[in-house]
Structures are given as C-alpha cells and as structure tokens.
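Protein chains in written order, with this note's numbering: chain A, 1 to 317; chain B, 1001 to 1096; chain C, 2001 to 2113; chain D, 3001 to 3097.
Calculated from the structure, these hints are not laboratory results. The beta carbon of each residue, even a glycine, is placed where N, CA and C say it ideally should be. Each hint should be verified, as a subset may be incorrect.
Some chain A residues well away from chain B (every beta-carbon gap over 10 Å; in silico) [as the list claims (entries may be wrong)]:
{"hint": "1", "residue": "Gln220"}
{"hint": "2", "residue": "Leu230"}
{"hint": "3", "residue": "Ala271"}
On the chain C side, residues computed to face chain A include the following (Cβ under 7 Å) [said to hold, decoys possible]:
{"hint": "4", "residue": "Leu2017"}
{"hint": "5", "residue": "Leu2089"}
{"hint": "6", "residue": "Phe2090"}
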Amino acid sequence: MSIATAFEIMLAAVLLGLGIWTIVVRETFSATVGFVAYGLLVALIWVRLDAADVALTEAAIGGGLSGVLLLGAAARLRDAEPMAEAAPGKLLRATAAALSVLTTATLAGTVLLLPDPAPSLAPASVANAWATGLSNPVTNVLMAFRAMDTMLEKVVLVLAIVGVWSLAPDSAWGGRPGPRHRADPYGVLAFLARLLSPVGIVVGIYVFWTGANHPGGAFQGGAILASMWLLATMAGLADAPPVSSRPLRLILVAGSGLFLIVGLAGLLFGAAFLSYAPALAKPLILGIEVAMVLTIATTLGLLLSGAPERSAEPWAP
Amino acid sequence: MTEFLTAAVGFILAMLALGLVSILRGPGDADRVMATQLIGTGGIAALLLLGTVAGVPAAVDVALTLALLATFASIAFVKKGLSRFEADGTASTENE
Amino acid sequence: MGTVTVFGLCAAAVVGLGLYGVIANPQPLRKIIAFNLLGSGVFLLFGVIGRRGAVAGIGSDPVPQALVITGVVVAFSATALAIALLLRLFDTAGPATLDSDAPTRPRPDRFGG
Amino acid sequence: MSLVRDMISIAAVSAGAFFFLAGTVGLLRFPDTLTRLHALTKADNLGLGLVVLGLLPQADSLRDALKLVSIWLLGLLAGATVSQLIARAARQGGSIR
C-alpha cells in the first residue's frame, strides 16, 4: 500500500467519522457543527479528485454559507430542544438501518464494478473548446455545452427566493429580511468586517474572472461576494434592502433574464436555443456571467437573510 | 519530496482528527464551534500541501476561499447563539 | 486500491448514513442536515465517476463536475427554503416538530411593523 | 539549487507539523475553553505559517507566492478576531452550554 493510498484512506475515515457524528450525536447543535466541519473538509477530497472547480464551490457554499445558515437556525431553534420528540421506535430504526446498509452495499458494488475503460466526455469537451474561446473545460460545459442546466438553475434560485419571501407575515411584507444586526462600531466584529470585506471582494472578483481559463467562475465568486455582504450586515455596517425595492428585484432576475434573451436570440438568428455564434461566443458568455455573478451574490445573500421581518423604513446606522 | 509532503499531510490530518475529537466532545458549544477554526488552520495547511503533492495549482485558490470563509460559522454562532447576552454589543435585535 | 475505490466506497457509506439520518432522526433540522449529507455523498459519487473519465491534460471529466456545481447551488437553495419554512413554523406554532399530533401553542405574531 | 530549496521546504514543513502537534496536545490536555482556544489559535497559526514558508520555495510564480502569504495573513486575522469573539461569548454565557 503506497503512502498516497494510506493518506486517502485516512482522509475518507476522518470524513466518515464526521458524518457519523453528525447523524448519531444527541444534541442538534453538535450535529450542526459536525456537518459544518464536514462541509469544510470535503473540499480536500475534491482537490484529491482533481476537481478544483467543485472544491471551490464546496468551500464557498458547502463550508461558508451553509455553515452560517445551519448554525444560525440551530441557535434560533435551541429553545425547542427540551421539547424534542420521542425517538422513533426500534422497528423504524432497524428498518432504516437495513435500508441504508442495502443502499450503501449496492452503491459500493456499483463503484467496484464500474465499466472499464470509463466513459468520458472530456475528449469531446476539449475538441470543441475552440467554439467558445475559453480554456476552462468546466466553464465551457456550464456556459455553453450544457447552458440549459445553468439557466434553469438560475430560475431555481429565483423560485427559492420567492418561496422564502412568501413566508413573510402580512405585516412585514415588502420590508427588510432578517433581524437587524447591531454591533459596537469600534468592536472586534466591525474591525474584522472592515478589514476582511474589501479583501474578500477582491478575491471574489478574482475567482470569478479567472474562471474563464482556470478553476473558478460565477458561482464560486458570487458565493464569496455574498459572504462578504453578509459579514458587513452581521457587523451592523450595512442592512439588507427592503424586498419591495425595484432595483433589487431587477438584479435578482438579471442572470436568468439575460440568459433567456441570449438563448432566444440564438433561436432567432442562429442554429438553436442558446447557440452562440463562435465569433460572439466569448463576449456573450462574459456578459451572461457578469449578470449571473450579480444575481448569484444577491440571491445567496438574501436567501441567508431569510423572510422579511421588519418594515421598510429607512435605515440609520 | 512528494513522499515527504504526503507524509506531512497525513500527519497534519491526524492532528486535525485528534483535535476534532477533543473539540467536538465539548463540554460547551463554544468549544465545539472552535472546530471550524481548527479546520481554518489545520485544514488549510493540509489543503496547501495536498495541492502541491497532487499537482493541483488551484488548491491555493480553494485554500484562499476557505481562509476567508472558515470564520463565518463562528461569527454566526457568536451573533445568533448569544444574542440574549448582548456579548460585546454584538447582539441582533429581533424586533424594532 | 486507488483513489477511485477509496473515495467511491466513502461516498457510498456517506449516502447510507444520510439516508439513515433522514428516516431515523426526529428533529426537522436534523433531517435537513442528513439530507444534505446524503446529497454530498451523491456528489462525491459523481466526482469519482468524473475522476475515472480523466484524459491527458484534464484531471477529471468536466461534465460530471459541472453537474455537481449546479447540484450544489440547487441543494443550497432548497436547504435555505427548508430552513426558512422551519423557522416560520417555529415562530407561529412554537417548538418545531413534524409530529402532527403534537400540541401547538399559538404565539402572538411577534413581527410588528 | 533544487536541493537547497527542498531542504528549506522539509525543514519548515517539519517545524510546522511540530506546532500542529503542540496545538493538538494543548487541545487534548488543557482544562477549559479559554486555554484550549489559546492553544488552537496560537500554535496552529504558527504551524500554518511555517507550512506556508515551506511551500514558498515550491511555488511556480510570484503570484502564487503572494497568494500563499495572503492565506497566512487571512488566517492570522481570522484567528485573532474570532478567538476574541468566541472567548467573549464563552465568558458572558457563563458556563456556556
């Protein structure tokens, strides 16, 4: 057994240990922390699998944003803990365990018996990379070869934000989402937000821009930008905009809207829905990505802020 | 060189795992939240070494992202978990 | 045993763990977390299959990678919606539970204007 | 030349690994939240710094080297501020649950 394999087994064991902790530990808060640690560490496996694009996404969304979302919810639901319902009966747990073992065994068998040589679309994506002028194959797949997925994913983001907002009580409709955060303007948190946010914005834009040729892209960059917005909000340096704001709503639909317009233009002037003329491919993709990064950053930030809870009165720091 | 770096990643990962065991056991929530800080240092060190070993230059970007965001869970904990205590004035008022 | 086998088996185990958690954990937040764990296992399986499709110059098949990135974003949106539902349930009906027989204690709507 | 660089890397990464060991021993042995926080943020950040130092000779370009250094600086900033926040939360929460 080589040292690399030993390391991989160890990494898998640590990750599985965190997964087991997340499922079996009694307190919900501990489980949440375990899952956040899992989300941060899984990026290591993605790097080991040579999928740096996914590693970036997992680090930004799975580690950073999910952590804020889940820990925030766990802290807020803490009061419900003493009322925790009776654990399910032995029969249910045994059935669940049997079902899980069966699923795992089936999947493990499938992994061991995967066909050789492995089917791959990598050569096809390399052969067609000329059509877009971008050299990151993952961005090519996301923005050109399977652009429909990416467009529909933007629609999912819009639907999710509509769903979250529609949970607002009538009295708060049109107001600002989430609680208002207050912090000592000269305290530690405000200091961190003042120092980290500019750095994070630069990193976010860098990750977005480098996505054309190296691992990175609109999702990862947008997630980093959203976190920086959130940090400023949590430090009391900024406030979430009221959801009735028209510019805000325009930004929220900009990504999917521009994607749809370009797609329809492809149908009218080109070969098919979402087809780009090779000469225009790079500027078109760049334009869509700029709109997308704005939409993603705003949507992710608002999804984390939650449903509107306060009136839309002007905010004074 | 590659063998040495792989062994170093393995060692740091083992330290990380031991630290996680100690931290997640508690006793308090503040101890548990430290797990994200632990990954913010040990996990990033392992990631950087791993990127060099595996020949994935973009691992540096992943580490940069983790370094930026690993703090966020702790901040969310301090903000929301302790809003009742008005810690350092970093409370969130639920209602105006 | 190579990279693919180790992480493939790990992914299979994570899927099983998540499935068990979704069924057996009573608290809704725990179910949401377990569902995310299950999803993460499925993503890892995609990653393993992408890794097998590596060719010279590309370490991993880009198509599964792109699918996983889309999947991560969609899973996050779904989680955020689920958490928002859960918090709203908690605000209106007291302790959040999925047990339909549980007594609900109506609370005054605490969101003023 | 390559040998010298490798020697520097091995020395610095080994030293970094030692500080991670020290940090973990601290986590396992120290009795309360504040001392464990101290072990975690001080020793581990030093370990990260030494690992970064060890990887600098292996960096391909100046840009990568700068990124490595900025990762360490971000880690220091995060460790310094977040440990303050957690410690304060632990103290104000009393025997924080």
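- [ ] Could you check if Leu2017 of chain C really has its C-beta closer than 7 Å to a C-beta on chain A?
- [x] With a minimum Cβ separation of about 5 Å from chain A (threshold 7 Å), the hint on Leu2017 of chain C holds.
- [ ] Go through the hint on Leu2089 of chain C and say holds or violated, using the shortest Cβ distance to chain A against 7 Å.
- [x] violated, 9 Å
Open item on the list: According to the definition I'm using, a residue is off the interface if its beta carbon is farther than 10 Å from all beta carbons of the partner; does Gln220 of chain A meet that for chain B?
Closed with: violated, 7 Å
Task: Separation of Leu230 of chain A from chain B, once the least beta-carbon distance is taken, above 10 Å - done: violated, 8 Å
TODO: Classify the label on Ala271 of chain A as holds or violated, using whether its beta-carbon is more than 10 Å from each beta-carbon of chain B.
DONE: At about 33 Å from chain B, Ala271 of chain A clears the 10 Å cut-off, so the statement holds.
TODO: Using 7 Å as the Cβ threshold, decide whether Phe2090 of chain C counts as touching chain A.
DONE: Constraint on Phe2090 of chain C satisfied, holds at 6 Å.
Hint check: violations occur at hints 1, 2, 5; the rest are consistent with the structure.
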